[in-house]
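Please put together the full structure from these sequences, using the hints given.
Read off the chains here:
2 protein chains.
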Amino acid sequence: MPTPRRAALPPRLASAEPGQGVTLADVALAAKVSLATASRVFSHPQLVREATAQRVHEAARRLSFRPNLLGAKLRAQRTRIVGVMLPTLDNAVFAECWRGIEESAMAAGYSLMLVTSNYEPARERERVEYLLRHRVDGMVLTVADASNSTVLDQLDRESVPYVLAYNQVSRDAAGHGRHSVSVDNQTSACEGVNALIAAGHRRIAVISGAFTASDRARQRFAGYADAMRDHGLPIREPVNLPSHTASNAPQIQALMAQPDAPTAFFCTNDLLAIGVISDLKRLGLRVPRDVSVLGYDGIALGALVEPPLATVVQPNADIGTQAITQLLHRLDVGSAGADGNATLLPHALRIEGTVSAPAVPA
Amino acid sequence: MPTPRRAALPPRLASAEPGQGVTLADVALAAKVSLATASRVFSHPQLVREATAQRVHEAARRLSFRPNLLGAKLRAQRTRIVGVMLPTLDNAVFAECWRGIEESAMAAGYSLMLVTSNYEPARERERVEYLLRHRVDGMVLTVADASNSTVLDQLDRESVPYVLAYNQVSRDAAGHGRHSVSVDNQTSACEGVNALIAAGHRRIAVISGAFTASDRARQRFAGYADAMRDHGLPIREPVNLPSHTASNAPQIQALMAQPDAPTAFFCTNDLLAIGVISDLKRLGLRVPRDVSVLGYDGIALGALVEPPLATVVQPNADIGTQAITQLLHRLDVGSAGADGNATLLPHALRIEGTVSAPAVPA
DNA sequence: TTGAAAGCGCTAACAC
DNA sequence: GTGTTAGCGCTTTCAA
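Protein chains in written order, with full-length UniProt numbering: chain L, 1 to 362; chain H, 1 to 362.
Zero decoy hints are in this set.
Only pairs whose alpha carbons sit at most 25 Å apart, straight line, appear in this in silico SDA-like list of lysine to any residue: (1) H:Lys-281 <-> L:Ala-303; (2) H:Lys-281 <-> H:Leu-255; (3) H:Lys-32 <-> L:Arg-133; (4) L:Lys-281 <-> H:Val-305; (5) L:Lys-281 <-> L:Pro-238; (6) H:Lys-281 <-> L:Ala-357; (7) L:Lys-281 <-> L:Val-305; (8) H:Lys-281 <-> L:Ala-359; (9) L:Lys-281 <-> H:Leu-285; (10) H:Lys-281 <-> L:Glu-306; (11) L:Lys-281 <-> H:Ile-351.
These are computed hints drawn from the structure, not numbers from a lab.
So, in C-alpha cells, the structure goes:
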C-alpha cells in the first residue's frame with residue numbers, strides 16, 4: 001500500500017501513480033525546506049546552498065516528483081512554448097523543416113505546438129488564434145502569402161514575436177519588421193533555369209502550384225522569367241496545378257502536343273516534379289532523354305529516385321533550425337524592437353539525372 | 001492612445017495589444033456580472049440566461065478577450081492536450097497519420113503536442129517524460145517495439161491513457177490492457193507475398209528496416225515467412241538496411257549476383273522499396289520486367305511514381321483518426337478500466353506497376 | 001541563503 | 001441564475 005500523502009484530499013483522485021499529484025509543496029515538506037526554496041532548486045539553482053539543493057533533489061526523487069509545467073507557465077507569464085504553423089507535413093519539405101525545429105527547440109528547453117494550415121488563409125487564422133490562446137511566446141510559421149496575410153498583420157498588431165520560414169519578405173518593405181528565413185527564391189530559381197538554358201534548352205515551361213496558395217511559387221516563377229528574359233527566350237504562361245498528388249497527364253499532354261512543345265519543365269517544387277515525370281513517362285516520353293525536368297526544394301526523396309531528380313536545393317532542416325534559433329534568441333534577449341531582417345540561406349543546384357541536353361538542340 | 005486598462009499594473013507590461021492581459025475578470029466587470037458567471041458563459045452556456053450571456057459576449061468582443069487556456073487547464077486538472085509521439089515525419093506514413101490526428105483532435109476541441117522519437121528507445125523515454133510534464137491527458141504513440149517497451153510499461157504503471165498507432169499488440173497478451181490501432185501486419189504482408197507468388201515468383205527476398213527499431217518490420221517478415229512456408233518455398237534471411245535514405249546498391253548487387261538471385265523483392269516499407277527500385281535501375285535492371293518490387297505502407301507518393309509502386313496499403317490517415325478518436329472517447333467517457341483492444345483496420349493490396357510475372361518463370 | 005505571502009487566470013463547489 | 005470563495009502548482013518579490 002502506498003504511503004498516503006496528505007491528510008485528506010477530497011476532490012483529488014487518490015492515485016497510486018508516481019509523480020501524479022506530487023507537488024513541489026510535498027517535496028518541500030519532505031526536504032524540510034520552504035516551497036520557495038524548493039522552487040529555487042529547480043529554477044535558480046545558484047541561489048540555493050548546495051547541501052540544501054541535494055536534500056530537495058533527494059526528496060523529489062524519492063517522491064517521483066514531476067514538475068507541473070502548467071503552474072510554472074501560468075505564474076511566470078511565459079510559457080516557453082513556441083507555436084509552429086506549417087502548410088502541411090505531407091510535403092517532405094516541411095517535414096524536414098520540422099526536424100530542425102524540434103531538435104533546436106528541445107535543446108533550448110522550449111516546447112512546441114504544431115498546427116498545419118493546409119495553405120488555407122482561413123485555417124491559418126483559426127490555427128493562429130488557437131496558438132495564441134495557448135499563450136505561445138512566439139511563432140515560427142509559413143504562410144500562404146506573406147505580402148498579403150491577415151495573420152501576419154494580426155501578429156504584428158499584437159506584437160507577437162515570430163519568424164517566417166520559407167516566406168521571403170521583400171527587403172524593401174521598409175521596416176515592417178518582419179523576420180524571415182529562406183533561400184532567395186527568385187535568384188535561385190533563375191539560376192536553375194539558367195542551368196537548363198546552359199544545357200541547351202530554349203523552350204522551357206513552368207509547372208507550378210497555385211500562386212494564391214504560395215508566394216514562393218510566384219517568386220520562383222519570377223526567377224524563371226528573369227532567366228528567360230536575360231536570354232531573350234519566350235516566357236510562357238505557367239501551368240498552375242491545384243494539387244500535388246493528382247495526376248495531371250491531360251495538361252501535360254496538351255502541352256506536349258503543341259508544335260512548340262517544351263523540351264524542359266521547371267517545376268516549382270519537387271513533389272510536382274515527381275508527378276510530372278510520371279505523367280511524361282505515361283505519355284511514352286523518356287526523362288531526361290526526351291524531356292528534362294527540374295524541380296525545386298531538394299527533398300531527400302529526390303536523390304532516392306532513379307534518375308535522381310535535378311533540383312534547386314534548399315536547406316530545409318536548416319531553415320527550421322535558423323528560424324527557431326532566431327526566434328528563441330529574440331525571446332530570450334528580448335530584442336523585440338529590432339527591425340525585421342530577412343535571412344537568406346544558401347541554396348544549391350543539383351543538375352543531373354532528370355536534366356540533360358535537349359534531344360533536338362533548339 | 002489606447003484606453004488604459006486597470007489603474008496600475010506594475011509588473012505587467014502595459015501592452016497595447018488586444019487580448020493581451022485582458023482577463024475574464026475584466027470581461028465580467030465590463031459586463032457587470034461576476035467572474036463565475038462570465039466563466040460559465042464560456043464553459044457551461046446552458047447554465048446562464050441568454051440575455052446575460054449576450055452581455056458577456058459583447059464585453060468580451062469589445063475588449064478583445066482571449067481566454068488563457070493555461071489558467072483553465074491548471075484549475076481544471078485536465079489539459080485537454082494529447083501528446084503524440086511518432087518515430088519521424090520524414091516517412092510520409094507518419095505525416096499522413098498526423099493529418100488524421102490533427103483533424104480529429106481539433107474538431108473535438110483537443111490540443112496536440114507532437115514529438116518524434118527517431119525510432120530510438122532512449123529518446124522515446126525522454127520525449128514521453130516531456131509530454132508528461134506538460135500534463136497531457138493521454139497519448140497517441142508509435143513505439144519502436146511494443147512488446148518490449150519501457151515507455152509503455154511506464155505509461156501503464158502511471159495509468160496514463162494511451163492508444164498505440166501502427167504497433168499491433170498481440171491479441172493473446174492477456175489483459176495487458178493495451179489499445180492499438182493498426183492493420184494486421186503479418187496477415188497483410190502474407191497476402192502481399194502470396195500475390196507475388198501468384199504472379200509466378202518463387203525466389204523472393206525481403207528488404208527490411210532494422211528489426212530492433214520496428215516491430216512492424218518483424219511482423220511483416222513473419223508474414224512473408226508464412227506465405228513462403230505455405231507454398232513450400234525457401235525463406236531467405238532478410239536484408240536489414242539501417243536507413244531509408246542511403247543507397248544500398250552494394251547489398252542489392254551482391255544479392256542479384258548470386259546464381260539464385262531473387263526475382264522479386266518484398267520491402268517492409270515504401271520508402272525502402274523506392275530506394276531499392278532505384279538501386280536496381282542503377283544496376284541496369286528494369287522494374288518490373290527483370291525484377292518485381294513490392295512495398296508496404298501505401299504512401300501517396302507511391303501512386304505518383306511511374307511505374308506506380310505495388311504495395312500493401314494501410315489507411316494511414318485513418319489509423320491516426322481512429323487512434324485519437326478512441327483515446328478521446330476514453331478520456332471523455334472515462335472507461336479507463338476497459339481492457340485493451342487491438343483495432344485492426346482493413347488493408348488493401350495494390351499489385352500493379354512494379355510487380356509483374358518473373359522474366360524467367362521459376 | 002531561506003521563508004512568508006501574494007498571486008498568474010481560470011473553474012467549481014457552495015450559497016443565495 | 002448568479003455571486004462568493006477557495007484554490008490548481010508554481011514563481012517571485014520582500015523581509016529576515
